[in-house]
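Protein chains: 4
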Amino acid sequence: MSVNQREIGRRTLLGEIRRQQRVPRIDLSELTGISRATVTTITAELLREGLIEEVASDQGEKDSKRGRPKVDLKIRGAARLIAGAKISHKTVSLVLLDFEGRQLAHHEADLESGVLSPEDMAAVLADMLEDLAAKASMRRADVAGFGLGIAGIVDAPRGFVHWSPSLTNRNVQFGDVLEQALGLPVFLDNDANLVAMAEKSFGLGQGHSDFIVVTIESGVGMGIVINNEIYRGTRGCGAEFGHTKVHLEGALCRCGQRGCLEAYAADYALTREAMIASGEAGERRVEDILRAAKEGDEMSASIVKRAGRMFAMGLANIVNIFDPELIILAGEQMQSSHLYAEDVIEGMRKLIVQVDKAPPEVVVHKWGNLMWARGAAAYALENVSENALLEMAENVA
Amino acid sequence: MSVNQREIGRRTLLGEIRRQQRVPRIDLSELTGISRATVTTITAELLREGLIEEVASDQGEKDSKRGRPKVDLKIRGAARLIAGAKISHKTVSLVLLDFEGRQLAHHEADLESGVLSPEDMAAVLADMLEDLAAKASMRRADVAGFGLGIAGIVDAPRGFVHWSPSLTNRNVQFGDVLEQALGLPVFLDNDANLVAMAEKSFGLGQGHSDFIVVTIESGVGMGIVINNEIYRGTRGCGAEFGHTKVHLEGALCRCGQRGCLEAYAADYALTREAMIASGEAGERRVEDILRAAKEGDEMSASIVKRAGRMFAMGLANIVNIFDPELIILAGEQMQSSHLYAEDVIEGMRKLIVQVDKAPPEVVVHKWGNLMWARGAAAYALENVSENALLEMAENVA
Amino acid sequence: MSVNQREIGRRTLLGEIRRQQRVPRIDLSELTGISRATVTTITAELLREGLIEEVASDQGEKDSKRGRPKVDLKIRGAARLIAGAKISHKTVSLVLLDFEGRQLAHHEADLESGVLSPEDMAAVLADMLEDLAAKASMRRADVAGFGLGIAGIVDAPRGFVHWSPSLTNRNVQFGDVLEQALGLPVFLDNDANLVAMAEKSFGLGQGHSDFIVVTIESGVGMGIVINNEIYRGTRGCGAEFGHTKVHLEGALCRCGQRGCLEAYAADYALTREAMIASGEAGERRVEDILRAAKEGDEMSASIVKRAGRMFAMGLANIVNIFDPELIILAGEQMQSSHLYAEDVIEGMRKLIVQVDKAPPEVVVHKWGNLMWARGAAAYALENVSENALLEMAENVA
Amino acid sequence: MSVNQREIGRRTLLGEIRRQQRVPRIDLSELTGISRATVTTITAELLREGLIEEVASDQGEKDSKRGRPKVDLKIRGAARLIAGAKISHKTVSLVLLDFEGRQLAHHEADLESGVLSPEDMAAVLADMLEDLAAKASMRRADVAGFGLGIAGIVDAPRGFVHWSPSLTNRNVQFGDVLEQALGLPVFLDNDANLVAMAEKSFGLGQGHSDFIVVTIESGVGMGIVINNEIYRGTRGCGAEFGHTKVHLEGALCRCGQRGCLEAYAADYALTREAMIASGEAGERRVEDILRAAKEGDEMSASIVKRAGRMFAMGLANIVNIFDPELIILAGEQMQSSHLYAEDVIEGMRKLIVQVDKAPPEVVVHKWGNLMWARGAAAYALENVSENALLEMAENVA
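Protein chains in written order, with my numbering: chain A, 2 to 398; chain B, 2 to 398; chain C, 2 to 398; chain D, 2 to 398.
Think of the hints as simulated: they come from the structure by calculation, not from any bench.
Given that identical chains are not distinguished, each listed pair holds provided it fits within a single copy or across any two copies.
Derived BS3-like pairs (lysine-lysine); straight-line CA-CA distance at most 27 Å:
| # | residue 1 | residue 2 |
| --- | --- | --- |
| 1 | 306 | 351 |
| 2 | 351 | 367 |
| 3 | 136 | 91 |
Treat the numbers as computed from the prediction; the structure is a model and nothing was measured.
Here chain A stands alone, though its shape is the one from the complex (with noise of 0.2 Å):
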């Protein structure tokens, strides 16, 4: 067995153990191809880097030949400790993951302002996962890996942001300056991505090994899931949904750009349209609008109508492109329900190719800020994970 092939072989009894929770040392053989010699070896290693370890089986049997109870292997929680955050508009959402996974504290905190430098960002960072850790009486250095969701354009392997919403500058080396600032590992993405990485984790997408994710939150973001991977493009600019073009030339985007779907969708085209309704009262928020569209407010119902006929090509255009078995439509607040709409979705079917087959599944996903944290974290638990292994190929070479 080659060294690569040992290193393969640790990958995959490792996932599996995490895919199937407990599971008796004899059926991991069966279950990933490889021969009962290499798993012995393989997981004997595994328990002795304390990565997993070993619990009476379920069902309290006793190994019938040898006389001594029965044991299944899992995750060892206390291995390493995984820490998972999410930027919104103006608070911050933790989570403290053991690594099983298991949820061990949660916190938010506000931000004194949407827009930082990314010294003060990660400044303010270091002080909430402080404070997270302090819940599970722990301290931040004990955590082995930090996975943060933020909106904007994100260069995820390489940690990079080339453009939030959250930060003052463009072009920043975020994941560096995060990492000095806390004294750990950072994995860094886009907060759509991590949603996917949520949904894929612990969500509706388990079990899925294609689907897409499309956020419906301030903007309109997407994940894409192919072949049980976030897929991000080559520069990190992927799956920018928000920024696809429904009409050439049509309403102003935030990104400076005419036409995105995020101009006709998101929150702030539904405010803006509302604008003249609402005459020398001021700004009308989402909630407002939908509310009296559902009254019989004409003006309302059409700003309503627009951005769901809008979302609705949009989402086709993705059906078109990508074919997923299923669209997983994810939103943490009732303000979006209008764009969840049995009409918005049937508008999406009629703008699909038909073919006599029925068109993908799509679930409605709801969900609170503690969820995209869980993405994050669930994020950095796979790279913390992976950065066990390869210590441990390290040690061993």
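Keeping the supplied structure of chain A fixed, place chains B, C and D upon it in accordance with the hints.
Below, chains B, C and D without anything else, positioned relative to chain A:
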């Protein structure tokens, strides 16, 4: 080494030998990470099966140790015979390849009608395949696999055609119809996917794991290569670039919907707009419109410019979703030159998310029908190769 | 009574007699506000000139005072002979009227080509006019004035054609060319204006001082009647309804610009969209599309619906500008029925400024080519009448 | 001479004297075509009524025959007192004119609210009119007629307001409400019509019988002058230029419909688009956007450019319908300069029907609120003048 591992090993090594074209056995271990012993075992099997062969090393040197001439391993061309074909509007192009991928013969023949019943189309293809084989002094029965590219919506893994402009029926298990008529394994796919396959196998996509191919023929197609694989979507309805919507309730498309990119950028979109300018003189061809535009005719120029702007918008949406490293614009005819024009590409660049990093590379690849057929053959070759390995596994087991 | 006043008096009285058809001299003073003495003087002049005549009163009563039969005044039909013609795509329709407006003869003849030089067109019309006169046992030289309706942009007062689809040349002083070829006064106008003239003289516009006529033939035209006069604009380029823009950079129009109403609602707009559906079977006619739409063909229905929506938008713009009492939709062919449909008119009503008062009345008037020719004759009659009065003034002076 | 003729004669002569400002009695016969005897009779009547007066001739010469100083006739300023007012968003501007049209006083006052009940608005105007009169040492009761311009949809002949942004109620017989509150004749019209009246009476429209005025304030309005008369449409809903549609289902307008020109070109359309660029800093004013655009801000430039393109399209539609000799773009504020820009006018020229003759002249007239009020006064003057003649007729009869 488990059965599973042995199969993976065979696939890996056969693939590596194909990629390297000629390679000393000794290099394979390093190239693949498979142990020398395993390499020796597996290559012996492949030699025995006749899938690869030994040839004198290019360098003509002798093995310093053993004193006998150094040998390279290579794919054995005679191992299998592969055919590929592409159904165009009223012609079929075919190529015959050996197992190394060398072209042994090609053939082009007319269809008496642009639309045939599945059975008639299969019968016609059977005759053409016979003629093709004859050109290389072979018979149809010698062919190990037949790849076919057809326009329309194809569920490739199932060999199922949801709809094709070349067939009278919808929802045809056309792969089965063909296999029955031809008496050999058939591998069917959407034609644009096979262009992507061709680009990946022996075109501009070589060495790229992720890229997008946009084909411009009478319609507008797309092939998506992600992680070295063609991405097809769940139902075979992915990559329908021509039917992504660029205008809500816009121009009427052949598909019956409105606002599809095709309805602005395809051949028929141009001739349709030009109709009014031609008066009673009948329909003008795309070539005529392009020439007139170049010669300063304002109406023609307006037609061409608009097609280009909409195409740029469609391309920008693809970039905003995939952020690919490379986009290949592939078309067989000079008549699509207006969509390849620099100002169209520049238009796309203005509509994508702006970051301080170079936009995706866009290259233009003009080629003939034969290359589409070669893409189909490449797809068949991949499958025939896989089948050969499966047979080995069964023989061994 | 000044010269000026006498001329105004003659015009007023001749007009009133025409309007009343038959009227006792004694009523004219009350109807016009002109003193009895002046009425007596002027009617005597008109009788002497042969423009009017006395006829026995309808009521057949005798004048109680003077004991002689009561007489009415009426226009003298034999006073002048008037011809009118309308050039359609490949035919010309002509009518011959007497000075009372009674139709003496009509004639239809084919053109050998849809587009002729001004001189050839004039020669052809001279022959046709000869044939028309012959049908009433007259000669062309007996005709006092010839009214002609032609598609295109016509500066009517100058007899100047900026452009017409029926003529090879632009910028033709076509009135002069015709007068030379015909040897008689010619009164030229845009055909839609002459439909307005016809509606006002003997159609649905009788009794309305202000209304709009929209003509739907191969193109879309408009005639505007304000204060009982055709409104033509400064250069003869007014009322170009078909070229009002309904979409910035929209569909290509025959005029070379984009987004004109015609490019969505005219015959060619429908056949153009339908082209894609017809495949190789060649162009479908509008009638075919309308029938298919009625029979449930979705694509045809989509074509028809869109034309109607755009037409409704164009109509709404006219209402928003003119707020007319009455809109007459005038077309000769059944093939425009989709634009007259109730849902189109309803669509218009939704797009106009909403006040708590009934929207303008919209009536549909389907008629034949002859009515267009009668409109041309009515225009000529008005001018011949005016010329007769001018001659009288000169004779007197 | 009938009663009717005498009334026409009075109207003609009073109008001619007003037009000539000063004119010898002897010239009036030639100028109007009315006999010398009648001129003598009628001018004597007008002098007796005090509507005109004799003044020494400009030339100061003596009548050669009679030996007494030559006299001119002129309007007698003291004959009537006229007031005009324009209700702007939160201010009212008023002017006081004498019967010659000379401005005696002006006044501006704030409204406590932009929207008032008809009764409150009438009460406020009564006070303001008192203040205005006081500035000329007069009292409100001395005023012979009050002209008022108000934004919205006004049926001027009926003094009926379908809707106005300045009034709380729809469908108000506002003319009656005002007459009751003010105790004097009130002449009410849409404000844009009164700008047209002002242009015709003492602005750039003098000497033009047919022209279009486009007003740009917070909304977009239009006044149509045809044959020296304001054209208002049947229900007072004509000339609603701001609500002509430039895009089917386009941007939302204040009127609740979509695609109105106003929704792209009015003040609120610009500030609405700019909202997204301003982030949390609140709404930007039009002036700020224009300045930023000039200083190179791309997003602001995009906003301004789009408003200009849509405005050009709207203007082109007006030209295609009216083909006017002259278009006057009239706005009070510098903030509309982007819509007056040469490239907007040039854009319009490209969208109109192309003939080989110069397009309509477009002139820009920037003026203050007072000029709107003067337009209102001019409208009142016209009506007061007419009423004076009617009184004369009754006195005589």
